[in-house]
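Residue numbers (UniProt numbering), protein chains in the order written: chain L, 1 to 456; chain X, 1 to 456; chain D, 1 to 456; chain S, 1 to 456.
Hint data in this document are derived by calculation from the structure and do not stem from the laboratory. Some hints here could point you the wrong way.
Identical copies go unnamed one by one, so any copy, or any two together, can satisfy a pair.
Listed below are the simulated DSS-like cross-link pairs for lysine-lysine, each with C-alpha atoms no more than 27 Å apart in a straight line [to be verified]: (1) 87 with 15; (2) 417 with 374; (3) 92 with 369; (4) 183 with 210; (5) 87 with 417; (6) 16 with 210; (7) 92 with 417.
Here the structure is a predicted model, which means the values were calculated and not measured.
4 protein chains.
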Amino acid sequence: MAPQTPRLVVPIDVKKRPWEQRLPLHNRWHPHIPPVADVTEGEIFRVEMVDWTGGRIGDNNSAADVKTVDLTVTHYLSGPLRVLDAKGVAAKPGDLLAVEICNLGPLPGDEWGFTATFDRENGGGFLTDHFPSATKAIWYFEGIYAYSPHIPGVRFPGLTHPGIVGTAPSPELLSIWNEREKKLAEDGAGSLTLCEVLHQRPLASLPTAKNCLLGLIEEGTPEWERIANEAARTIPGRENGGNCDIKNLSRGSKVYLPVFVDGANLSTGDMHFSQGDGEVSFCGAIEMSGFLELKCEILRGGMREYLTPMGPTQLHVNPIFEIGPMEPRFSEWLVFEGISVDEAGRQHYLDATVAYKRAVLNAIDYLSKFGYSKEQVYLLLSCCPCEGRISGIVDSPNAVATLAIPIAIFDQDIRPKSGKVPAGPRIVKRTPDVLKCTYDGNLPITPNPGAEKKST
Amino acid sequence: MAPQTPRLVVPIDVKKRPWEQRLPLHNRWHPHIPPVADVTEGEIFRVEMVDWTGGRIGDNNSAADVKTVDLTVTHYLSGPLRVLDAKGVAAKPGDLLAVEICNLGPLPGDEWGFTATFDRENGGGFLTDHFPSATKAIWYFEGIYAYSPHIPGVRFPGLTHPGIVGTAPSPELLSIWNEREKKLAEDGAGSLTLCEVLHQRPLASLPTAKNCLLGLIEEGTPEWERIANEAARTIPGRENGGNCDIKNLSRGSKVYLPVFVDGANLSTGDMHFSQGDGEVSFCGAIEMSGFLELKCEILRGGMREYLTPMGPTQLHVNPIFEIGPMEPRFSEWLVFEGISVDEAGRQHYLDATVAYKRAVLNAIDYLSKFGYSKEQVYLLLSCCPCEGRISGIVDSPNAVATLAIPIAIFDQDIRPKSGKVPAGPRIVKRTPDVLKCTYDGNLPITPNPGAEKKST
Amino acid sequence: MAPQTPRLVVPIDVKKRPWEQRLPLHNRWHPHIPPVADVTEGEIFRVEMVDWTGGRIGDNNSAADVKTVDLTVTHYLSGPLRVLDAKGVAAKPGDLLAVEICNLGPLPGDEWGFTATFDRENGGGFLTDHFPSATKAIWYFEGIYAYSPHIPGVRFPGLTHPGIVGTAPSPELLSIWNEREKKLAEDGAGSLTLCEVLHQRPLASLPTAKNCLLGLIEEGTPEWERIANEAARTIPGRENGGNCDIKNLSRGSKVYLPVFVDGANLSTGDMHFSQGDGEVSFCGAIEMSGFLELKCEILRGGMREYLTPMGPTQLHVNPIFEIGPMEPRFSEWLVFEGISVDEAGRQHYLDATVAYKRAVLNAIDYLSKFGYSKEQVYLLLSCCPCEGRISGIVDSPNAVATLAIPIAIFDQDIRPKSGKVPAGPRIVKRTPDVLKCTYDGNLPITPNPGAEKKST
Amino acid sequence: MAPQTPRLVVPIDVKKRPWEQRLPLHNRWHPHIPPVADVTEGEIFRVEMVDWTGGRIGDNNSAADVKTVDLTVTHYLSGPLRVLDAKGVAAKPGDLLAVEICNLGPLPGDEWGFTATFDRENGGGFLTDHFPSATKAIWYFEGIYAYSPHIPGVRFPGLTHPGIVGTAPSPELLSIWNEREKKLAEDGAGSLTLCEVLHQRPLASLPTAKNCLLGLIEEGTPEWERIANEAARTIPGRENGGNCDIKNLSRGSKVYLPVFVDGANLSTGDMHFSQGDGEVSFCGAIEMSGFLELKCEILRGGMREYLTPMGPTQLHVNPIFEIGPMEPRFSEWLVFEGISVDEAGRQHYLDATVAYKRAVLNAIDYLSKFGYSKEQVYLLLSCCPCEGRISGIVDSPNAVATLAIPIAIFDQDIRPKSGKVPAGPRIVKRTPDVLKCTYDGNLPITPNPGAEKKST
C-alpha cells in the first residue's frame, strides 16, 4: 500500500474561458456527451471546476453583470468521467455509484465568491415579486470563513459543497425529462397558484442549442446539433442528482447515484462556499470556482437493490446521501416560521413552498431592523448556513415551514429584547456598499460564448 | 430570593375525561374563551395536558380506535392563561409574549404514547393515497428513550415538545382565519394540483359546534352557541402559533408569541414525546399526555417592534422561536431526496410539498428493505427525530426536499453496502406485531363527548 | 407489554434529616451494609437522594455552615439495592452491572443547590492555598437552567448527574482500600511534591465511626461498631465506582459497574445539577438533592469478560461508562492552558495535577478582569459545564492541561479584544453578594447526627 | 478590497532534508534566531512544515527508523516570522499575538503519516513500562479521513492541528526555563513517585548543540555555538506556547500568544493529522508534514491586560485558545476511568497523571478483546480523536481521569454486551501487519544532520 495523492483528472485554469479549458466542459445533460477521462474505483481523484457562470461575474461593486447574464450558459460542468472497477469494467446501468467527497474547497488563487439575485425579467428568484432587481454581494474567504464588504457584521464558516453532482441520463430518462417539463411549460394550469405566488416565468427551461457546450462534441457538427437540441438543461435537480443544492454535502459526505449509462458518466460543478437551505435568491449560494477530491465505489446492482424505481420505465429514482461528520457546530438558532397563507392573505392548501416563502419573508423583515437593508438580508439568508425545515405538512390547510438562523454569525445579538435592554446596537446602521444593480441599459450584453469561441 | 418550585396552574388527572378536569379544557381558538388562571411574568409555572384526543386512543394492538376517532374533538388544550406583569398589568395587544420552556415531559404514571395514521375517509395523512388504512404503533418510554413493540429494532431519545402553544386570536384575526379558510374549502381550484396529489378532503376544517369544548363557557348557553359556531379549529398552525409542530421546541427553547387580546390568553397542548419534521402520518408524533414548566416575559410593544405585520389589518404575523441547547446529538445521517415530480411522473412547479412527499416515499421504500413493512416505516418517519429540509426551492421546475434520518436509531446498519458485504442483517425479518386496523365495521363509534358529558 | 412508571424504591423527604428517612441511608462503603430493597433487571425504578450533606447547608448568604460542616458525615447515600435478574437470581461477583440513567433531576419542591469551598482547615480544595476561606454560592433552577444571585451575569443549562454511583466492595477489596490509603496517610513521602503543592491534609480520610450511618445496621450494636470502624469513606472514587464525579453521566448514560458481592448492592447519591471537570472547589458541583430513574441489566461474567483485573487479587478494575446523547450543545469555547510548572516557578515532572492547577488559576485570573472576584470565578469554574483536558502527558518535563469554558454562559463577550474595541463591558463591575464566610468563631458546631439521632 | 490568496511565506520541499530547505528551519527556541520573513497583521499567509523528524521516518513496515531516531533533532520548525502591524511596526513584548488558523492540512503529494512509540531506551512514552519496544503504524489519508494498514477496522476524520505554535522567548524567559529544568534534571527527588511510575529518563531534555539547527545562524560560528548551547529544546510546551499538542486547535481556531521579543518571532511545526488527548505514545499523533494558513492580529499591551504574569519576572504566563467551530461530530462515546492507584496497587495522592495512565491502560485492555493487539490499541488511542478528561481532582486521595473514545471510529460495536448477544464479532481476529520493530542491531544509526549538512 502507499499513500494516494489525489490524481488531478480535470484541471481548470480560471484565467481561461469555459470553452478554452484543457479538458472541455459541458453545460447540458445527455447520454452521448463522451467522457473526458476515466477514474477507477478506490482511487482518490481531483476534479476542478469553474464557477457556474464560467467567470462572467466580476469581483466588483456592480450587479450589472448579474442583470444581463444569459442563463442558457448554466451550469458549466467538469466531466463526464467514466467510472471503472478495479478490473477495468465500467459501471453499468442498474448499479449504484457511491461517490465520497474526501475533500473540497475553493481553487487556490481564486478565494472569493458571489451571491446574487437575478432581475425579474432574467431568471428571478424565490422572492422576485418582492425583490425584482438584480443585486450582488461579493464574499472573500479566509480559510473556512467568509465575509462580505457588502454585508458587514457577519462572518461564518462555510459548509462548502458542490451544487451539482450527477450521472448522465439514459436516452429513455432524458426523454421522460423533456416530455414532463415540456408539458409543464405548455400547460401549467395545475400549478397556477404557485406560479402566481412566485411570479416566475418560464416554468421550465427547455432544451436549447443557444450557448450549448457539449464537451468533446465539436460545435456545428450534425451530432452537436442533435444533442444540443435534446440535451436537458442543468437547472433543476432530477433523478440523476444534478443541481440538488444540498448544503450539507460537504467534506466526508457520500452520494449514492443511480447509474443510467455505461461508465456512469459522472459530472460535477457549481461549487458553493456556503449556502442556506433553499438557496432562496436563486444565484444564492456563495458561488465560486473550486475543487473536489473524490473516491468512487461501484455497488453492482445497487440501484435495483436499494432504490425503488417508480413508473412504467422504472427510472424514477432519487439519489441517497450520507452527511459527513465535519460540520460547523452552532448552538443557538433564531427560528422564523411561515404558514401557507401568502402575503395577500390568501389561504393555500398545505403548500410548503408558500409557507417557506413566508418564513423567509418574516426573517428578512425581522433582520432588517438590525441595520440591514432587506436586499442584504435576502442575499445573506440565501448563502449563510441557515436551515429550512418542513415542520408541519399535515395540519390542513396550513403547511408550516421554518427557517433557523445561527445567531453566532452576527456581530450583534439579534434576539428580541424587552424594552429595558438598551436598544443601542439595533440602531447602529450598517453601511452597505453598493449592492443594487446600477444598470442603465448601456452596458454591453455578454456575447454568446459560442460566438466568442469561434472568433478566438 | 428563593428557589422556585414550579407552581401547578393546570392540573390534569388522566383517569378523567377532558370535560371532567378540575380546570376545564378547550378545543377551539376564540377571544372569548375566558382564562382559567393567571400567571405572572418571571414565575415558573406548570401546565399539565391530556393527549390531543383526551384519552380516546388505547395502549393496545388495535387501530380501531384511531379509525373511528372523531376529529372534531381535537385538540384538547390547557388554558387559556392570562399573563400579568410583576405589577399585575396584563399583556396587551401589540406586545410580544416570550415563553421559555424550562422543562417538560410525560405525566408521571402515563409514560407511553402512540403514533398513528388515520383512515383515508377520516382525516387521512400526507401519504393517505399510499396508506389508506388506519394504523397505530404504541411507544413506551424509558426516561429519555422510546421504543415500540410494533416497530422493533429502533430506540431513540425523544426531542420532547408541545405540538401546540398559542395565544388567543382577536375577533378581527379570527374573522380573517374563518374567511380565508372558508374560501379555500369552497373554492379550492387554485390548489387543485396539491389537492389531487394529497388525495385529501376536506381542504380545511371549518368551525363546528360538534364536540366543541369551551372551557368556562357552559355548554348549551347562547354564548356557547355563538362561540362554538365561530371558534377556529385547532388543526392548523396560524398567526397565533397554535399547532405549529416544531419538533425542536424542547427544553430550554423560547417562543415569542404575538399578543392579540388582553392577557394574551396562552394555551398549550398536544404534547409530543418525539416527532419527525413534517409529522407526516398526521397523527404522527409520539402523542402523549404531559406537562410543561414555563416562564413568561412580556416584551411591551414587541409585536410592532420585532414582527412586521402584513395585510390591511396588520395582523398577519408569525411567532419567532429560539431553539434550546439541550438536544440529542446525532453524528451520522442517511438522507433521502425528493423532487417535485409526483409518483405518476407528473412535473410540478417548484412544489416543496410534492418534493417532500417523494423524499418520504423514497425513504419508506428504502427502509422497507431492512425487514420492516412500509406501514411501520411510515409511522417511524413520522415520529423519530428525522429532519425534513427544503434544500432547493429555486431551480425550476424542481423543488428539492430532503429527509435526513439518524442512523443510530436502528440496531442494524442501514447504509447501502456493496455486494461483497454479507447481506445477512438485511434479510432478518422484523416481527411486526399487529399494526393495521382490523376494524370490521362493527366497533362502536366513540360517542360525542358533549353527549357523554350530559349523561355523566 | 405495558408502560412502566418508574417504581419509587427509595423515597426521600427533604424536610427530614438523613437518619429519619423511611428507608435508612448510609455514608460508608462496606459489604455488610444490608440492602434496603430489591430491584429487578429491566424494570425502571426511582431512587431519591438527599444532597451530600443531608441538608446541613442552607439557602442563605452566609458560608458559616460550609465552614463548620463535619466531613465525616459525607456522603449520605441511598441504597444499597440488591439487583436480581428476571428469574429472581441475584447479581454475582464477577458479573458486570449495566445501570442506565433513564432520567434524573432535582427533587420537586427543592429546586436549588449550592457550590462552596471549604475552609483550609476543614477539607480545603484544589486551590486552598490561594483561597483558604470557606465561600458559598447559591444556585436557583429554572428547568434545565441555573443562575446564582452570588455570581450574576451567568446562566447555563445543567448537565445534571449523580456524583456517586457504586456497588459494595467485597471484604477483600475493602481491605485493599484500607491498607493502601492507610499507607499513604502514614507515609506520604512519595507524593511529597503534590502534597506541598496542594497544601492539603490529611492525605486520605481513613475509616472512623464518627458520624457513621450504616443503613439497617442499628447504631451502638457490636456489628455497627465493627463495620463503622472498617467501612471505607465515600470521598474518593475507587474500583466500585463511587465518587467518580464524571460530569457527563447524565440522561441516557450507562454505567458498567463491577459486582463484588451477591446482589451488587448498588448505592447512589451526591446529585449534581451541574459540575465542571475536576469539580475544583471540592464542594464544587451545584450540590442538590435529587432523583434518578434507573434500569439495570446484569451481564453475567462480564467483569471477567470485559474488564482486566490487575494485581494479585484480581480486583483492581474500574467501571466503564457510555455517555448519553442528550447534552447541551456549545459551539464556542475559550481555552486556558497550564503546564506543570507551579506558581513558584518550580518545574514538576509530567504532573497533570500541577498543570491543571495552573490552567484553572490562569482562567480565574483572566475572568476576574471581567467584573468578578476571584472567589466567584473559582466557584463558577467548579460548577459550570467547563471541560478539563489532559492535552499533553508525554512532552517531558511539562504536562499540558487545558480548561475549556463555554463562552455562551456569560452575558458579556469574554474573548480578548484589541484596544480598538471599546473596553466598556469589561469595567462594568459585577455586584457580588456576600459570598465569603463571616465566621467569627462563635457559631455552634453542627452536632453529631448519631447523637441527635439518639436524642430524637 | 480584493480576495486574498494566502501568501506562501515558508515553502517546503519534502524531498529535501530540513537543512536544505529554501528558508532555513530551526529546532530550538532562542531569542536570537533571526526571523526568516515578515508577515503583516490581517494578511493570510501560508507556512509549510516538514514532519517533526524532517523525513526520517519511512512509509514502510518496520519500526527500525523509530527505534534509532535521535531525539536531539526534534522538532524542525518553520519560521521564525516577524509580525508587523499595518503601519509596519513590529509586535512588542507585552503585546498579545492573536493567530487565527484559517486553514490547514497535509502537504499535497505527501498524504500520509505515522504514529509510533519510542524504545524505552530512546525516549519511551507514557506507558513505556508496559510497551518498551519501538512500534510504528502508517496512516494514509483520504481527504478528511485516515486509515491504517497496521490497525485495520478503524477509519476516522482527523481533527488536524499543529502540535507546535509559539513565539520566541526573551533572554530572561529562556534563562528561567533552563534553570528550572536543569534543577529538575539534577534533583528530581520531589517527583520521585511519578518518575518511578513512568519509568522515564531523562527527566528533562537540556540544551545541547548536538543536531542543533538554528535557521539563518550559520553552523560553526561563535554565535551558533553560543546559541546552540543555551537554546531551549522544543519538546515541552512552555509559556510561549510551543509543543502544547492541543488536539482541538484545528480550522477556525485562534491562539493568543504572549509576545516576548520584538516582532514576536512566530514559529510553527509538528503537524498532526489527528491526535488523542495526551498523545500518549509520545510520537503519538498521526505525524505528518503539512501547511498552515494563518492570519495575525496584534493586541497591543494585551499580554499585560489579559494575562496575569506570575513570579518575580512577571513572565510566567500561558497562551489562551479559542476552539474552532469546524469539528467532527461524534454522538456516542465509550468512557474508561482511571484512579490514582497505580498498577502495583500503590495509592498516589490526587495524581492526575497516574489516574490517566490507569484510564489508558484500562482502555487498552478492554479494546484488545476485540481482535487487536495491545500495541495496536496503544497507538490508536494516541492518535484517534479520543478525549482525556480530568474528572475529579479533589476527592483525596484519588484523582479520577477518564478517556472517552468515539464508538463510530470502529467497524464493529465495541460496547459491552450480555452473554445473550452472539459474541461473534469479538472473536474475529484482526490481522495486524508488522508493527513491532524487528531491529537486529545492525541498522545504520542516522547520522548527525550537521555532519551530513557539511558533507553535502
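### Task
Could you work out which earlier hints the structure fails to respect and list their numbers in ascending sequence?
Those not satisfied come down to hint 1.
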